[in-house]
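A.B. asks: Turn these sequences into a full structure, and let the hints steer you where they fit.
As numbered in the numbering used here, residues 1 to 202 make up the sequence shown, in order.
Read the hints as simulated data drawn from the structure, not as lab findings.
It is possible that some hints are incorrect.
Stated by the list, open to error - DSBU-like, lysine-lysine: derived pairs with alpha carbons at most 30 Å apart: (1) Lys202 / Lys192; (2) Lys202 / Lys67; (3) Lys202 / Lys167; (4) Lys164 / Lys202; (5) Lys67 / Lys109; (6) Lys127 / Lys202; (7) Lys127 / Lys109; (8) Lys139 / Lys202; (9) Lys167 / Lys192; (10) Lys192 / Lys67; (11) Lys164 / Lys67; (12) Lys164 / Lys139; (13) Lys127 / Lys164; (14) Lys139 / Lys167; (15) Lys127 / Lys167; (16) Lys192 / Lys164; (17) Lys127 / Lys67; (18) Lys167 / Lys67; (19) Lys139 / Lys67; (20) Lys139 / Lys127; (21) Lys164 / Lys109; (22) Lys192 / Lys127; (23) Lys139 / Lys109; (24) Lys109 / Lys167.
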Amino acid sequence: MEGVWVLGWEVQLCQAQPSTARSGVPIPPPGITPHSLLSHWPASNRQPPAPMASAIPPNFSWVVPGKLAGLAMPRQPSHYQYMHEHGIRHLVSLTERSPPNHDTCPGIKLHRLRIQDFCAPSLEQIKHFLQIVEDASNKGEAVAVHCMLGFGRTGTMLACYLVKAQKLTGVDAIHEIRRIRPGAIETHDQEKAVIQFHHHIK
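C.D. replies: Below, the structure is given as structure tokens:
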């Protein structure tokens with residue numbers, strides 16, 4: 001009578017009979033693999049995959065809690081899991097190369113605004129970034145922005161956000177971002193970009 005092979009046992013009419021070799025050790029018939037055995041195992045007995053652990057990304061901090069955050073380049077799948085768990089659905093990358101493992105979390109959309117290290121964003125890049133934040137906010141979604149270490153380019157964009165959203169002067173926005181994220185905005189050109197953006201919109 002035909003039976004079903006599960007982990008070396010042939011099940012027939014609710015009775016389990018082992019198929020044994022001369023050594024007495026149960027063996028499956030030819031062509032049976034661990035994957036095919038699993039296909040016969042009841043779904044209710046299969047263990048679901050363990051949830052991915054999350055870890056706070058490097059140099060991560062909220063500038064506007066639940067809405068906008070800055071960080072260094074995320075590198076591990078656990079970094080994306082952390083952001084997703086905290087409501088972040090958009091990641092703005094300011095580096096010249098893509099952050100690794102970003103495809104492990106399809107729930108976070110990657111936006112690329114390439115800026116050379118230690119350089120300042122252009123006016124168009126600043127406006128594009130602010131539009132991403134505004135569109136996400138309208139949908140109740142948070143945004144995170146990163147460069148390599150989360151200081152220069154990231155701090156510049158975050159300060160420009162404060163200039164527009166909180167009506168701060170360029171100088172005050174720089175001071176506020178440096179208070180929240182010590183070491184932010186590293187060069188004179190980056191400071192100048194924030195101040196010029198304030199003059200542009202006032």
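A.B. asks: Each hint should be assessed against the structure and marked as holding or not.
C.D. replies: Outcome of the hint check:
At roughly 16 Å between alpha-carbon atoms, Lys202 and Lys192 fall within 30 Å of each other, so this suggested pair holds. With a C-alpha separation of about 24 Å, the suggested pairing of Lys202 with Lys67 holds against the 30 Å cut-off. Simply put, Lys202 and Lys167 have alpha-carbon atoms about 9 Å apart, close enough for the 30 Å limit, and the pair holds. Pair hint Lys164 plus Lys202 holds up; C-alpha atoms about 9 Å apart against a cutoff of 30 Å.
The suggested pairing of Lys67 with Lys109 holds, with an alpha-carbon distance near 15 Å, which does not exceed 30 Å. For the hint pairing Lys127 with Lys202, the CA-to-CA distance comes to about 14 Å; that is within 30 Å, so the pair holds. For the given pair, Lys127 sits about 18 Å from Lys109 by alpha-carbon distance, which is consistent with the 30 Å threshold. With a CA separation close to 27 Å, the supplied pair Lys139 and Lys202 stays within the 30 Å bound.
The hinted pair formed by Lys167 and Lys192 meets the criterion: a straight-line CA distance of about 17 Å does not exceed 30 Å. Only pairs whose Cα atoms come within 30 Å are accepted, and Lys192 paired with Lys67 is accepted, the gap being roughly 26 Å. Note on Lys164 and Lys67: the hinted pairing holds, with a Cα-Cα distance of about 15 Å set against a maximum of 30 Å. Using a Cα cut-off of 30 Å, the hinted pair Lys164 and Lys139 holds, with the two alpha carbons roughly 19 Å apart.
A hinted pair counts as satisfied when its Cα atoms are at most 30 Å apart, and Lys127 with Lys164 qualifies at roughly 10 Å. The straight-line distance between the Cα atoms of Lys139 and Lys167 is roughly 23 Å, inside the 30 Å bound, and the hint therefore holds. Of the pairs offered as hints, the one joining Lys127 and Lys167 holds, with about 15 Å between alpha carbons and a cut-off of 30 Å not exceeded. Using a Cα cut-off of 30 Å, the hinted pair Lys192 and Lys164 holds, with the two alpha carbons roughly 16 Å apart.
At roughly 17 Å between alpha-carbon atoms, Lys127 and Lys67 fall within 30 Å of each other, so this suggested pair holds. Of the supplied pair hints, the one linking Lys167 and Lys67 holds, its CA atoms being roughly 17 Å apart against a limit of 30 Å. Note on Lys139 and Lys67: the hinted pairing holds, with a Cα-Cα distance of about 11 Å set against a maximum of 30 Å. Using a Cα cut-off of 30 Å, the hinted pair Lys139 and Lys127 holds, with the two alpha carbons roughly 19 Å apart.
A hinted pair counts as satisfied when its Cα atoms are at most 30 Å apart, and Lys164 with Lys109 qualifies at roughly 24 Å. Restraint check: the Cα-Cα separation between Lys192 and Lys127 comes to about 16 Å, which is no more than 30 Å; the hinted pair holds. With a CA separation close to 14 Å, the supplied pair Lys139 and Lys109 stays within the 30 Å bound. The straight-line distance between the Cα atoms of Lys109 and Lys167 is roughly 28 Å, inside the 30 Å bound, and the hint therefore holds.
Checked against the numbered hints above, the structure violates none of them.
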